[in-house]
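Asks: Residues per chain, in single letters:
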Amino acid sequence: MAEPVHLTYERLPVGSAGKISGGWWGVVTLIVTEACLFGYLLFCFFYLNSQSEQEWPPDGLPGLLIPGINTVILLSSSVCVWVAERGIHQDRAAWTILGLVAALVLGTCFVAIQLIEWSNKPYGMTTDLYGSLYFTITGFHMAHVVIGLAVLLLLLVWAGLGYFDSKRYAAMTIGGAYWHFVDVVWLFVFSSLYLFPYI
Amino acid sequence: MASADITPPRIDDDFPARLPETGRAPQGSDIERKLAATWESQPGWRGWLSTVDHKAVGLRYIVTSFVFLVIGGIEALIIRIQLAQPDQSVLTPEQYNQLFTMHGVTMIFLYSLPILSGFSNYLWPLLLGSRDMAFPRLNAFSYWIFLFAGIFMYASFPIGQAPNGGWFNYVPFSGPMYNTGPNIDVFALGMVLLGISTSVGSANFVVTLFRMRAPGMTINRVPILVWGTLTASVANLLVVPSVSLAFFLLWLDRQIGTYFFDVANGGKPLLWQHLFWIFGHPWVYAVVLPAMGIVSDALPTFCRRPLVGYTAMALATMATMLIGMEVWIHHMFATGLPTVALSIFGAASMAITIPSSVAVFSWIATIWLGRPVFKTPFLFFAGFVMLFVIGGLSGVMTAAVPLDWQLNETYFIVAHLHYVLIGINVFPVVGGIYYWFPKFTGRMMDEKMGKWSFWVMFIGFNVGFFPMHWAGLLGMPRRIYTYSSRMGWDSVNMITTIGSFAFAVGVLIFLVNVAVSLKRGARASENPWDAATLEWATSSPPPPYNFAVIPTVASRHPLWEDRLNEGGARSNLTEGMLLADGRETVSTSPIDARPMAIFKMPEDSYTPFFLGLFISLVFVGLLLHWWLFTAASATAGAIALATWLWPREELAQRATTQGATHG
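Note that the protein sequences, when read in sequence, are chains X and B.
All residue numbers for the first sequence refer to this note's numbering, where the first residue is 839 and numbers rise by one.
All residue numbers for the second sequence refer to this note's numbering, where the first residue is 7 and numbers rise by one.
It should be emphasised that the hints constitute simulated quantities derived from the structure, not laboratory data.
Given the structure is predicted, the values throughout are model-derived calculations rather than measurements.
Mixed in with the good hints there might be a few duds.
Claimed, not checked - Stretch by stretch, here's where chain X covers chain B in the computed footprint (C-beta under 8 Å, at least three residues):
no. : stretch
1   : 242-253
2   : 567-576
3   : 581-587
As the list claims (entries may be wrong) - From chain B, some residues computed to sit far from chain X (all C-beta separations above 12 Å):
no. : residue
4   : Pro312
5   : Asp410
6   : Met500
Idealized CB from N, CA, C, for every residue including glycine.
Could you build all of it, start to finish, from the sequences and the hints given here?
Replies: Now the structure itself:
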């Protein structure tokens, strides 16, 4: 009869440790399923586009200036979150706070500009099929930005309370990943709704 | 092997870490008592509302979905009374529509996946040698949402306004033009709500598999049930958004005035069918693969030998789902799609025969090469293999496009899907309950009543559903509320009704057996069936902490190693990591299951219940157009979520006080 195995044990990190925490794996599954949701939204857009005889978009080619600037704003907010994360890793709390505040401001600007962009559209959600798609897709994205801003706000509060340092920062990594996801998804939404009509 | 694993990112030397305490923890030792005190839920309603124990959650899932099975079954019996003879008027056409819709909705969404989630929730940590799932609170949350979504979808039933468009709810019939009541809105919002439960449950299974296995349980040693549920969960993460979106867009069309499915304004009804079946077909596999896993794990116990072809079975499980993601159009053969699409999707559908056959031959070989013990669970599993073959064959037939055009929307399809769902889901589930009942309750189920329940169910099922193939070939369409005697469908329908009542009697015998055995069943030992897997290494029922000593696993059959004598080391179940500093368990690497971290597990909490409640109230608000109420519920939900996520020192989510910058 063979002997039962005895592992030799090493010191193991206790609790949430960066990317080996359960929460990090959890947010990855969340991002996968949310990415699929946006995939299906854009599938609806392209499917109906290919099947529809309507003028698409109804008011001609979309203006790129405001949404272009807005895209840059959203992407720079991602950079700020990245700076905030770097700040945590290097125990520079000021960078973290500053990065998060900047990201929050930029994210809020994005929402405000997007609201202006919405009000500039000559059509609404119930005007025609294109309007239904446009406002549903950008509306879904807007909802994600708002949730992401709430996450950033929580992270800011927690960072302000001194909950994080260079060892415990899993929540920052997790919340940051969500924000980066929201920003990357915008690139797909932007390309489909604004750039695709030019092709 | 090691090269394929994910190497853990480097953790700083000064990261809070410790050498795990090791040793033995026999029943009644100090450490065992400490663990029991740490993991026990509070008694009374407090514990009931706040528990996050995967065993409690799992049993709730099983009991709740069985209640839904009984409700759906009663609906089916009423339908069968209406159809027993021609020109009956037990039901009005509208009542009939609502009953067959709710029958389908209940069985497919509220019974068949949730019951398997119940088994997996209860069994996974025990099978994997862990103390809980990766996210215990999320687990409780997913149950509450499931319960509330089930109640939600039945909310309009008592006032005679239940969903009435069939379970796949095709537009334009379910659109605002032809269906003006609240019927479809209840279904649409209920499905979005249920989708939340399914998604978070799936995420939990995926992370649990990759991170919560006992040391040494490498990826090629996990039980097949785990492969089945993992495959189903990954698929759910990818496809549930499709159906949730479809139902949400339909709700927008109905209540806000958008045009996604509105033909008059450029919308396309076929978009609904694509979105529904992109989800719907993988879902069909999601509700059978874990059940096939139940058989693959439990059947070998009664054949007294390991499963034949473990690796082939694991690969077949994943291959089935992989191909299953590309066959949704076989539900749409009659919609006038281009021939190329039909050919490709028809061929893919036929290709599923290959992994399915691998599974069937694997089970047959296990029985053939083993020494079968004819206990009740064995009967259910062997019966399942036969029903699987019949259901599979009628499936291949309808994968052929020309034959499908002939059989589409007839009772042949009804026969096929019942062979698949009852044969591959209900039979393994009932067999699984007979098998794990001693683990769930500490008592054995009655063998004599068990055998009666099997034979009555098996004969009743075949008498009831096999003739439906004939009805279909005779041209009887599905979903008609009555028929004329001149059609020649009288006797076949009478036989079906008799068979379905016999089947119901079999289920009733099973339920009586459960009730009686719960009170008077013989006491079960740790391992009453002399089985091989880890759940049988702990007491029946298991203690709240599952394993006092985290097992160290050395093979696929930790409890049969001495007998099989395959060489190599032995699993160690008596000595290993203790981890008793609060609620703790070990987290391992995804492939090789090397210890990576000590996870702090959450205490019981009311937050999952309240978050579930508030989210459900959001949907109530949407249904009734109470916008302020919706906003208030959403805010309450956000607060509950923030409370949930608030970093806590006990869970080691925050910097320790001396390391913090303030104070």
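Asks: Compare the structure with each hint and give your call.
Replies: Results of checking the hints against the structure:
no., hint, result
1, 242-253, "holds (count 8)"
2, 567-576, "holds (count 6)"
3, 581-587, "holds (count 3)"
4, Pro312, "18 Å, holds"
5, Asp410, "23 Å, holds"
6, Met500, "45 Å, holds"
The structure meets every hint from the earlier list without exception.
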